[in-house]
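A.B. asks: Got chain A; can you put chain B on it based on the hints?
Residue numbers (UniProt numbering), protein chains in the order written: chain A, 1 to 218; chain B, 1 to 218.
Just so you know, not all the hints are guaranteed correct.
Think about it this way: if two alpha-carbon atoms lie no more than 27 Å apart in a straight line, the pair counts; the simulated DSSO-like pairs of lysine-lysine are [what the hints assert, rightly or not]:
1) K134(A) to K112(B)
2) K3(B) to K112(B)
3) K3(B) to K112(A)
4) K112(A) to K112(B)
5) K44(A) to K112(B)
6) K87(A) to K82(B)
7) K61(A) to K134(B)
8) K34(B) to K82(B)
9) K82(B) to K82(A)
10) K44(B) to K44(A)
11) K134(A) to K61(B)
12) K134(B) to K153(A)
13) K112(A) to K44(B)
Partner residues are not named here, just some residues of chain A that face chain B (Cβ under 7 Å, in silico) [to be verified]:
14) I65
15) V67
16) E69
17) F81
18) Q95
19) A97
20) Y100
21) G106
22) F109
23) D130
24) A132
25) N136
26) F205
Calculated from the structure, these hints are not laboratory results. As the structure is a prediction and not an experimental result, all values here were calculated from the model. Glycine included, every Cβ here is placed at the ideal spot set by N, Cα and C.
Number of protein chains: 2
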Amino acid sequence: MAKDMTLLWGTGSVPCWRVMIMLEEKRLQGYDKKLLSFEKMEYKSQEVLDINPRGQLPSFKHGNIVVNESYGICFYLESQFKNQGTKLIPDDTDQQALMYQRMFEGPTFYDKVGAVVYYEYYVPEGERHDSAVKRNREALVTELNLWEGYLQKSSFTFYCLSYVAVQMCYFLIHRLSAQRYPKLGEYHARVKERPSVKASWPPYFVEGQEDWDTLKDI
Amino acid sequence: MAKDMTLLWGTGSVPCWRVMIMLEEKRLQGYDKKLLSFEKMEYKSQEVLDINPRGQLPSFKHGNIVVNESYGICFYLESQFKNQGTKLIPDDTDQQALMYQRMFEGPTFYDKVGAVVYYEYYVPEGERHDSAVKRNREALVTELNLWEGYLQKSSFTFYCLSYVAVQMCYFLIHRLSAQRYPKLGEYHARVKERPSVKASWPPYFVEGQEDWDTLKDI
Numbered sequence: 001m002a003k004d005m006t007l008l009w010g011t012g013s014v015p016c017w018r019v020m021i022m023l024e025e026k027r028l029q030g031y032d033k034k035l036l037s038f039e040k041m042e043y044k045s046q047e048v049l050d051i052n053p054r055g056q057l058p059s060f061k062h063g064n065i066v067v068n069e070s071y072g073i074c075f076y077l078e079s080q081f082k083n084q085g086t087k088l089i090p091d092d093t094d095q096q097a098l099m100y101q102r103m104f105e106g107p108t109f110y111d112k113v114g115a116v117v118y119y120e121y122y123v124p125e126g127e128r129h130d131s132a133v134k135r136n137r138e139a140l141v142t143e144l145n146l147w148e149g150y151l152q153k154s155s156f157t158f159y160c161l162s163y164v165a166v167q168m169c170y171f172l173i174h175r176l177s178a179q180r181y182p183k184l185g186e187y188h189a190r191v192k193e194r195p196s197v198k199a200s201w202p203p204y205f206v207e208g209q210e211d212w213d214t215l216k217d218i
Numbered sequence: 001m002a003k004d005m006t007l008l009w010g011t012g013s014v015p016c017w018r019v020m021i022m023l024e025e026k027r028l029q030g031y032d033k034k035l036l037s038f039e040k041m042e043y044k045s046q047e048v049l050d051i052n053p054r055g056q057l058p059s060f061k062h063g064n065i066v067v068n069e070s071y072g073i074c075f076y077l078e079s080q081f082k083n084q085g086t087k088l089i090p091d092d093t094d095q096q097a098l099m100y101q102r103m104f105e106g107p108t109f110y111d112k113v114g115a116v117v118y119y120e121y122y123v124p125e126g127e128r129h130d131s132a133v134k135r136n137r138e139a140l141v142t143e144l145n146l147w148e149g150y151l152q153k154s155s156f157t158f159y160c161l162s163y164v165a166v167q168m169c170y171f172l173i174h175r176l177s178a179q180r181y182p183k184l185g186e187y188h189a190r191v192k193e194r195p196s197v198k199a200s201w202p203p204y205f206v207e208g209q210e211d212w213d214t215l216k217d218i
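This is chain A alone, in the form it adopts within the complex (with noise of 0.2 Å):
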């Protein structure tokens, strides 16, 4: 069935790994999985290139029809697997507009911890300012609380997982503390040990984790 997939991922990177957590749910294995190197800008390459004019990652391919957004992956996936593996778009009309909601907070979430995250990699040097810093944080702060308090009133169904829990092992990773966010840390303690978050967990994140401790002190 998934023969004719191809996915052109990074490791390490959150869009790339909530595809692949995606296409686990589908039960979709067995897709063509081509790893490309960000520190050598292989997402730049004619490969990305002649599927993707935005030459970034995850780059996927199905028959002829292209699609590289993740959250537009998921979704196609969703609706052209409906009946295979895991649902994901609930029935219920509750559930359903409570998953919308969430998941389209997702990338304010992953805004707001890229910007501490990701500071220097993306301000050039000579337009730092520890105000920005300040602000970043603070900003990300915020919003770990309003997660932790969603987290309180209900936990999150499979639904949001694969397109919000992703971002939390990845938060998880860079060392958040998990006493400061208690729900968080149950949340991603449980994710972790689905199937198909094991079955995909990037390479990029076991190596790398020990030097990784920017959301220490958040």
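C.D. replies: For chain B alone, coordinates are given in the frame of chain A:
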């Protein structure tokens, strides 16, 4: 039908407008619509915070169900009112894949324009740099040319429109040159005649547009 729906909105907001176009397309006129002031920070009022802890607009309620993220609201409405008004998710696989791809490229488009238009709003005075302004403008030109290229290959159906096209109205209102971006210009000309777009046109854009020329030279 739409009597049990409430939309709290602000004029000039692309996400709010997106939802209003969607409500028109799904023939859900007659919903309870309350215009709040950004200037007076009414988006942080208790009325908003009661349903939206982020204190943002749009905030949307249907009966007891709350969805606030604009893309989430679009998906929710399409799911609940599938057979009413315009169908917003195409059945055809190719068309659907393309819609998901463009739809989720939309936020990147919006971010790039936002980085130019709102630079002074978001970046405190002491942290502003000409180098950043230059970089943001160049990134926007690249992005605009990408979409111009998309439109050269195939016109968007209305499927994409409610998600993406509202941004194009916005860009053109900010005096983006239809000479330099003729396909975007054509698309805008078509979109603004759509009854749903006309019916929901935010008053802010009519009154204020004389002064807006941030995108004039892009």
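A.B. asks: Are the hints correct? Go through all of them and say.
C.D. replies: Each hint tested on the structure:
no. : hint               : in the structure
1   : K134(A) to K112(B) : holds, 24 Å
2   : K3(B) to K112(B)   : violated, 37 Å
3   : K3(B) to K112(A)   : violated, 36 Å
4   : K112(A) to K112(B) : holds, 17 Å
5   : K44(A) to K112(B)  : holds, 20 Å
6   : K87(A) to K82(B)   : holds, 19 Å
7   : K61(A) to K134(B)  : violated, 35 Å
8   : K34(B) to K82(B)   : holds, 25 Å
9   : K82(B) to K82(A)   : holds, 17 Å
10  : K44(B) to K44(A)   : violated, 43 Å
11  : K134(A) to K61(B)  : violated, 35 Å
12  : K134(B) to K153(A) : violated, 45 Å
13  : K112(A) to K44(B)  : holds, 20 Å
14  : I65                : holds, 5 Å
15  : V67                : holds, 5 Å
16  : E69                : holds, 3 Å
17  : F81                : violated, 12 Å
18  : Q95                : violated, 10 Å
19  : A97                : holds, 5 Å
20  : Y100               : holds, 4 Å
21  : G106               : violated, 9 Å
22  : F109               : violated, 11 Å
23  : D130               : violated, 10 Å
24  : A132               : holds, 6 Å
25  : N136               : violated, 11 Å
26  : F205               : violated, 24 Å
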